[in-house]
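Novice: Taking the hints into account, I'd like the entire structure generated from these sequences.
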Amino acid sequence: MINDDIFYDCPKISPEQKQLIDKEESRRNNDGNCTKNVVQGIISDESSTSCTSTTSTEGMEVTVAIVDVTGTNNRTSTRTTTRRNQVDPLEITASSNKAAAGSTATSSSSTKSMTTGRLIESMSEIVKSPYEGIECAEVGEDCFDKLKNMLEPVVPSGGSDPSSSSSSDQIINPKMNSLFGDVLARTLYDAYSEIGHSGMLFSANWREGKIRNKNLGWIPKRQLLLCLREHRFAKANVSLLQAVIKNLDCVELVIETMKTWNLFYEYPNLASNTNTNDKAFIFNTQKARCLKCMIFVARGFACMQNLNIASDISSSLTKNIKACLSIMNRHVRPNQKGLTKIMLKINRKIASSSSSSKSKKKKTKAGPKTTGLPAEVVVEQCESASSSSDDDDDDHQLSAKRPSVNISSSRTCGVVHKEANNTSCRPRKKVRKDDETPESLLVSFNIMREQVQRLNQMMDFFQTLLYEHRNDLREEISDTIMSENRDGDESDIDNTRRHEKNRRRTY
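Counted from 1, the sequence shown has number 400 at position 198 by my numbering; the numbering is strictly sequential.
Just so you know, the hints here were simulated from the structure itself, not pulled from any lab data.
Heads up, some of the hints might be wrong.
To be verified - Think about it this way: if two alpha-carbon atoms lie no more than 25 Å apart in a straight line, the pair counts; the simulated PhoX-like pairs of lysine-lysine are: (1) K539 to K481; (2) K423 to K461; (3) K448 to K437; (4) K481 to K461; (5) K539 to K551; (6) K437 to K423; (7) K448 to K481; (8) K330 to K448.
As the list claims (entries may be wrong) - Have a look at the derived ranges for each label pair, beta carbon to beta carbon: (9) V329 to S555: 29 to 35 Å; (10) D674 to F647: 40 to 46 Å; (11) Q488 to S405: 23 to 29 Å; (12) I552 to T520: 20 to 26 Å; (13) P355 to T542: 49 to 55 Å; (14) N697 to D662: 55 to 61 Å; (15) S528 to R672: 56 to 62 Å; (16) E354 to G419: 18 to 24 Å; (17) Q655 to T478: 24 to 30 Å; (18) G398 to K461: 30 to 36 Å; (19) M661 to P358: 43 to 49 Å; (20) S555 to I336: 18 to 24 Å; (21) E323 to G398: 16 to 22 Å.
None of the values given here were measured: they were computed from a predicted structure.
Every residue, glycine too, gets a C-beta built ideally from N, C-alpha and C.
Specialist: Encoded structure:
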């Protein structure tokens with residue numbers, strides 16, 4: 203009989219399956235043959251835990267491995283038992299056939315990513331949010347895949363596979379050093395690895411480089427945002443998503459995305475909140491989905507910024523970003539004052555475009571009805587006619603009637619000149635250009651941020667000094683208080699003596 207404790211932590215086996223196993227085991231013991239058995243994948247439809255039992259080719263050992271691949275707790279348990287008899291293989295149950303068919307179907311997919319023992323599929327279209335269940339919109343995007351490959355360790359030439367090699371043999375991707383510099387590249391490489399082993403989505407201490415038990419140093423916010431693992435956003439709650447957005451500049455990245463690709467007029471509800479003092483997006487409904495959309499847009503723009511390809515965006519990423527912005531625009535609470543301004547600008551833009559299209563149509567029309575020719579040809583005829591008429595006046599003063607052609611041409615000439623004068627004197631409207639943020643602002647912002655960090659370090663240093671010398675400070679403060687009290691008492695005594703002397707003199 204097979205012990206029941208071999209299948210610990212596995213889904214429950216049906217009574218029919220257990221009877222089949224007992225019959226086969228009894229038949230083996232009766233035959234007296236050596237055991238050679240392969241049992242794979244007794245998997246229930248209600249759980250994602252797989253149970254596998256295998257034996258060696260010599261029939262001496264039977265190994266049972268239980269692997270939990272739910273994504274959160276990766277553990278593998280193994281037990282080994284010895285068999286003496288050899289019998290025919292067990293029949294694979296219907297549930298194991300289903301599991302084998304499912305494994306072959308999933309392995310044939312081309313757009314899948316393996317992360318911590320869990321398969322993540324690409325999302326064909328964003329309907330609810332970019333992170334839903336095992337689907338992720340980042341899988342299959344060129345910019346995200348390129349950055350992930352750079353963050354992964356690389357084995358030197360002539361080495362083995364990175365997954366099988368030890369950590370001592372692995373090195374940083376050389377592209378990281380050329381893109382971020384040696385120090386920041388090493389920090390991001392270690393941060394990406396430690397975040398993967400932590401099992402967490404985000405912690406506020408990670409901004410200072412304190413991840414697990416290591417102190418990696420200061421990490422920029424936009425680079426730290428890209429080090430987070432994308433498969434953990436699907437199960438994150440609202441408070442954790444808000445912490446990511448607040449601490450890693452996601453709102454500023456969304457606004458920069460809309461400015462860079464000129465998307466303000468397409469999403470007016472979002473654009474109405476960008477000009478306020480406290481730049482924030484407040485969502486009335488579907489808060490978790492909207493926060494996930496905001497994180498996806500911020501990660502996409504930050505990824506393209508770090509790779510220096512912000513102007514070369516792919517069509518699939520554009521489609522996904524616009525889908526996320528439309529979901530946010532649908533559920534965000536608009537700022538009414540900013541929304542009215544944007545709607546006025548949109549109406550003016552529509553009116554100006556319609557008027558420009560009408561003016562283009564007028565320019566393509568023919569000239570006056572007398573000739574049926576374009577206006578430029580009529581102007582040339584007018585000039586030639588006027589010059590010929592001046593010559594006739596000089597040669598034949600007070601002559602008879604002029605030719606009819608000159609009369610008609612002079613009339614049309616007057617009409618054309620009037621139209622030309624009218625067009626030249628039309629009032630023109632000044633259109634303000636959108637204020638572009640110069641690079642000097644970014645440089646000054648970085649300088650200010652460094653100064654603030656230095657001030658914080660100085661404050662921490664002075665606090666430690668005060669804490670170490672607190673006893674001395676207490677003694678000094680007590681001495682000063684005692685001396686002040688003594689001086690006060692002496693001054694009071696002197697004042698009383700003076701008052702007594704004055705009284706005696708008066709009496």
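Novice: Evaluate each hint against the coordinates.
Specialist: Now the hints, each set against the structure:
Distance check on the hinted pair: K539 and K481 sit about 14 Å apart at the alpha-carbon level, within 25 Å; holds. Of the pairs offered as hints, the one joining K423 and K461 holds, with about 20 Å between alpha carbons and a cut-off of 25 Å not exceeded. Taking the CA atoms of K448 and K437, the gap is about 19 Å. The hint holds against a cut of 25 Å. Restraint check: the Cα-Cα separation between K481 and K461 comes to about 14 Å, which is no more than 25 Å; the hinted pair holds.
Note on K539 and K551: the hinted pairing holds, with a Cα-Cα distance of about 19 Å set against a maximum of 25 Å. Among the hinted pairs, K437 with K423 is consistent with the structure: their alpha-carbon atoms are about 22 Å apart, no more than 25 Å. Simply put, K448 and K481 have alpha-carbon atoms about 11 Å apart, close enough for the 25 Å limit, and the pair holds. Among the hinted pairs, K330 with K448 is consistent with the structure: their alpha-carbon atoms are about 22 Å apart, no more than 25 Å.
Range check, V329 to S555: about 33 Å between beta-carbon atoms, so the 29 to 35 Å window is met. The hinted range of 40 to 46 Å is satisfied by D674 and F647, whose Cβ atoms lie roughly 41 Å apart. Checking the proposed 23 to 29 Å range against Q488 and S405 shows it holds: the Cβ atoms sit about 26 Å from each other. Checking the proposed 20 to 26 Å range against I552 and T520 shows it holds: the Cβ atoms sit about 24 Å from each other.
One distance hint, 49 to 55 Å for the beta-carbon pair P355 and T542, holds here, with the actual separation near 54 Å. In this structure the supplied range 55 to 61 Å is violated for N697 paired with D662, their Cβ-Cβ distance being about 48 Å. Here the CB-CB span from S528 to R672 is close to 58 Å, well matched to the stated 56 to 62 Å. As the Cβ distance of E354 to G419 is approximately 21 Å, the hint placing it in 18 to 24 Å holds.
Separation of Q655 from T478 is about 27 Å and conforms to the stated range, judged on CB atoms against 24 to 30 Å. For the pair G398 and K461, the beta carbons lie near 33 Å from each other, so the given range of 30 to 36 Å is met. In this structure the hint that M661 and P358 lie 43 to 49 Å apart at CB holds, the actual value being about 45 Å. For S555 and I336, the Cβ-Cβ distance of about 45 Å falls outside the hinted range of 18 to 24 Å, so the restraint is violated.
Taking the beta carbon of each, E323 and G398 are about 19 Å apart, inside 16 to 22 Å as hinted.
Violated hints, in rising order: 14 and 20; the structure is consistent with all others.
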